[in-house]
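Line order of the protein sequences matches chains A and B. At position 265 of the first sequence the residue is numbered 265 (the working numbering), and the sequence of numbers has no breaks. At position 148 of the second sequence the residue is numbered 148 (the working numbering), and the sequence of numbers has no breaks.
Simulated from the structure, these hints should not be mistaken for laboratory data. All values reported here derive from a predicted model rather than from experimental measurement. Beta carbons: idealized from backbone N, C-alpha and C, even for Gly. Be aware that a few hints might be false.
[Unchecked claim] Facing chain B, a subset of chain A residues (Cβ under 10 Å, in silico): (1) T311; (2) P390; (3) Q394; (4) Q547; (5) V551; (6) F599.
These are the residues of each chain, in order.
Protein chains: 2
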Amino acid sequence: MKSIILAIVSVLLTQFPALAQEHPSILLTRNDVKALRAGVTQYPLLRQSYKSILRAADKAIQMEIAVPQPTGEGGSVAHERHKRNYLDMQMCGIVYQISGEKKYAEHVKKLLLKYAEVYNSWPRHPNRKIEPGGKMFWQNLNDCVWMVYTVQGYDCIYDYLTPPERQKIERELFEPVVKELSEVNTKIFNQIHNHGTWSVAAVGMAGYVCGRKDWVEKALKGSALDGKGGFLAQLDQLFSPDGYYAEGPYYQRYAILPFILFARAIHRYQPELNIYGYRDGLLKKAVDILLQMTYTNKVFFPFNDALKDKTYESEELVYAVNIAYSDMEAGDDLLDIAGKQGRVIVSDAGLKVARAIAEGKTKPFRYRSLWIRDGAQGDEGGIGVLRNGPNENQACLVFKAASQGMGHGHFDRLNILFFDNNVEVFSDYGSARFLNIETKSGGRYTRENDTWAKQTIAHNTLVVDGRSHFNANLKKASATAPKLLQFESNDDYQVVSAIEEYAVPDVRLERSTILFHPEKNAPSLLIDVFRAKSDKPHRYELPFWYQGHLVYNSFPLSVNTNALKALGADFGYQHVWLNATGNPGNGNATLTVLNNKRFYSTTFLSDSTMKVQLVTSGAGDPNFNIRSEKAFILLKENVDSYSFLSITEPHGSADPVTEATAGASPQVKGIKMLEDSDYRISFEFRYKNVRYTVEINHQDKKTTITKNQ
Amino acid sequence: MKSIILAIVSVLLTQFPALAQEHPSILLTRNDVKALRAGVTQYPLLRQSYKSILRAADKAIQMEIAVPQPTGEGGSVAHERHKRNYLDMQMCGIVYQISGEKKYAEHVKKLLLKYAEVYNSWPRHPNRKIEPGGKMFWQNLNDCVWMVYTVQGYDCIYDYLTPPERQKIERELFEPVVKELSEVNTKIFNQIHNHGTWSVAAVGMAGYVCGRKDWVEKALKGSALDGKGGFLAQLDQLFSPDGYYAEGPYYQRYAILPFILFARAIHRYQPELNIYGYRDGLLKKAVDILLQMTYTNKVFFPFNDALKDKTYESEELVYAVNIAYSDMEAGDDLLDIAGKQGRVIVSDAGLKVARAIAEGKTKPFRYRSLWIRDGAQGDEGGIGVLRNGPNENQACLVFKAASQGMGHGHFDRLNILFFDNNVEVFSDYGSARFLNIETKSGGRYTRENDTWAKQTIAHNTLVVDGRSHFNANLKKASATAPKLLQFESNDDYQVVSAIEEYAVPDVRLERSTILFHPEKNAPSLLIDVFRAKSDKPHRYELPFWYQGHLVYNSFPLSVNTNALKALGADFGYQHVWLNATGNPGNGNATLTVLNNKRFYSTTFLSDSTMKVQLVTSGAGDPNFNIRSEKAFILLKENVDSYSFLSITEPHGSADPVTEATAGASPQVKGIKMLEDSDYRISFEFRYKNVRYTVEINHQDKKTTITKNQ
């Protein structure tokens, strides 16, 4: 009896102030609901967003309650059913709040009670890949996501439930799930990693909703409450001071949702923690930087492990943009993004966004040229983003000089990506993965993600002696980062320059790229200087993976027409077919590609021993997991040091509908190296018959481009 | 003196009635101009169309008059300049009529006088490929196009010119050009071919505008006035009674413009000829059939020589749709197309279209399932088009059982193309050509158009013994056509079936395809039966060129991972890399492809000796003229007769943005042949656990699909 009383007291003591015990309280609050009910009839974007979840909720409540025994991987029936269920619970909860119709609450209740009934009878997931693994899904991560959504649904129907129902759900479902996340999978829970964030968000949000301060504290400070793990440590260590997330944009997108949702819950329940102000407004910066790492086609820069068709239309970014706009004063240009997302979250944040758009406050999204620092302290390299032109026709160069990015990082120091005219010009392969396609390695990363997608040759950066950077050793690669030499952005050009000293033994890699605008309202030139410095002879290969179709080569190519062979045996070379080789000879050489109705000519400095290889990805691929992509590779063999110098020029147009072609001839000519010393590179070229001299000076950290009359 | 008088009398006698001597009189008429001036301010589509040509005209009048000495091929400076000039003359003429501003007329005048000054000093074109070839352009065809546009510009500024100016232009420019077209290139002029149509339209339209009845008569009846050539003979012989043009949709699109323009001129000047009523309203049918040969992504079915990105947004179709709507009562569903074209011609026809759209008369375009007869008499095979579903999500099967289609025809008897979900599923390569890309064979068809694109293996039809149909002999192929066996379209399915008896010696080819809709609002199944009948053993290969990425094979594949070889040495096989082979064994086998977020599973009847080859196009291609495309080939060796039986099933979805996958498993199972006799094919299969029996009966010309309980 005494112990029972003590237990009750202890529960009471760990609860939050009265305010916080109102439900709902996370995305929706009781106060918001009235305004929201009016808003869904007033503001088009909110109206259609509500209609869309209403449709889904109506579909959901007509389905049988199905809580199948867990089995199978991504894409399998049980997996997709449990995913569906958590989305349904969240949506039906919201619709219940807006419409007041009990049938929606009833559906959530039934699902929750069914889960409560069966959850504890399930063994560990039969398809788990590592121990302990997930319970409801093959990996613990999905169990966490399930909780993040489910607890929102529970929050919305809390008042609809009887106390015994709540008790059953909290005791027989949420408590065991929290235990599963924070104790059984304690390693993940305490990890400084996006899986850890999903886990602490799940436990922390459940803690707020269920009034369990102990769960919240664990979520904030780690399971040992020592601050070594948990949300705050993740905020400290996973982001750079600029808001860059170490794994890169694809995972920053994925991680932003639990960060934003949990932060929102903290903001609601414990405003005194000032979580939005944490680390000088880090979360707002993180949302901004994430959007700055998209191109005008909405797609995230696909470096590191990334699905290439992932856009800012994804769910996570709808939450992030809405909450950043509503809670963090992120500026009216965010409304441009929200408009293009085409929906808002049905919550007070979404209401604010939809209202502002309806009031005509939208401004074009302000894409910027910037250097984004990586590393918790901002001292582990970074990402250079160079942009020019209006949002409708923007040139964008991405320069990757960041740290490795943990297990999802690729071995691609000083890699570049080039976008123009709303498409990829020089592209990154992204990851080798067919997400949720069960027939493709269970929807997980395929073997070729390691053997191909991560290897250096799959990227637009220098490969030395046919080996990947750091010999593709994650631990070694994680120990160091490249260093910024210069970054500048002005009206005439943007420049970013960095060195990498550790990726290749004995070789110092240095790259400088310039986005140069010789004329107003005309395409920008991409000037690229890649220098390799060494005392010993090496084989240097600089690939340019391009999109489009090769339409011109200024030098003869010897083409393999009857038989193809793989380019090598390891470090990704086993996945590359060699189509052709050429010797451009002394002087300048040009390759022209036609891509999305525009020409792209790369003119490069050549010499008597330079070779060019044309290649296609897809060799060594017994399961057809690799897309067929094309590259030209500039190749120098047996040289100590070498500087690759090229200028890529977008030009002209070829319209198949009107059958009009214009400006098909490249205008860059006469590239000549003037000086190539340790701290100074100087060269000249002609463009439309005007001579320009470029000097990149690393001592003064300055680049000048002079127009010669 | 006497001869001068006689000449004058003769000119007077050959002129048209007073009415016709008004200018302008073709696309614009003096009467229209007032309504049009009001219309360009009233109706959005006309307003923006006018704005767009106004912008172009304003740009044009600011340019120097440049009439360069002819040289170079498609895409070259002089070629593109002369193209620009004729477009500018037409546009400035129209803008002069609408705006009344003389600067536009002045620009046309200057260009015309400049042409008149230099035209007769030019030699034959230096880049001509055949004799006599063109004069202004490398081929005579472009000279004809030049005249068709230029004479419209002249018509618009006729009244602005002084009589001596007119005389100079007509005597020193148009007369020599007409002579060039109708006498120097008399063979083309009299040809029953789209080049001939451009030529007679040029001469005929010039005849009307210049009041030269002799030119008109030649244009209508051929240069000998015997009716063996000329416009009427072309209308008689180039179109089938259904309005199908023998070369296929790509060239029907190209040819439709001179047909429609010249017809419009005839209609204006000689209404008594009732040209719109000719051959039972042939021209209206031709426009309709042309649109029926597009898919919902706007693209023309790309069979025969065709650029794959050609859509009905092209100039020719804007003219055709506008004039068909305004002059031929073609129906309000044409406004759907006009709306999607996004512009109208600035003329009374465009005015009618823009007004009707502004008045809300648009109806969704009525895509139909139909059998389109080929051959002047309608007895040379045809094109089957099977469709199902709403315009937003339509399944469409194209069955090519037409005649050869002259020099632009491909050797692909009984070829099929399958579209679904707004994309290609089983695709046609189209032509191997980079139109107007001068670095690519001067923008002409590349060598690979003959060696690859035209060959049978490049298509989704049966190749026997590794040789193309008719051994790729155009003359032999042109002598015969396939024959229709059945065509039917009802609520549950569409079916088309045809035989080809001459393409392969000793082998009779017979194909039946069915688009079957087992459920409402669900994807259609494509059922395909390809029968080869012979008394002697043969090698049969049935390729399916697919778009998308292979994600599942139900049987093991032996993959060439280190080296690829070309599949053969001739008939297009030299252009195909062999990636993998497999032996599916007895029973059913399945290949699944993911394409535009939807799965496509082809399940086929297999046996112990069936082989499957996975291939990629692009071998034997020293100039990189071939796109990389993928196919699976069903292969039977050393059999007399064989029936390939497959069912292709669109299913499920995989959305990378929401990361939701559904319906990833194919539902077609248990395909079993029940009877395979001369006039009857009967088989069963299960779909979603329901058993269906299909009977294709050629004696009764009837197909039945029975649902078995």
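Results of checking the hints against the structure:
1. Using the Cβ-Cβ criterion of 10 Å, the hint placing T311(A) at the interface with chain B is satisfied: the shortest such distance is roughly 6 Å.
2. The beta carbon of P390(A) comes no nearer than 18 Å to any beta carbon in chain B, farther than 10 Å, and the hint placing it at the interface is violated.
3. Hint status for Q394(A): violated, given a least beta-carbon distance of 22 Å to chain B, over 10 Å.
4. Annotation: Q547(A) was flagged as interfacial toward chain B, and the flag is violated, the nearest CB pair being 13 Å apart, outside 10 Å.
5. Of the supplied interface hints, the one on V551(A) holds, with its beta-carbon coming within about 5 Å of a beta-carbon of chain B, less than 10 Å.
6. Annotation: interface hint on F599(A) holds; nearest CB of chain B at approximately 9 Å, less than 10 Å.
Hints 2, 3 and 4 from the list above are not met by this structure, while the remaining hints are.
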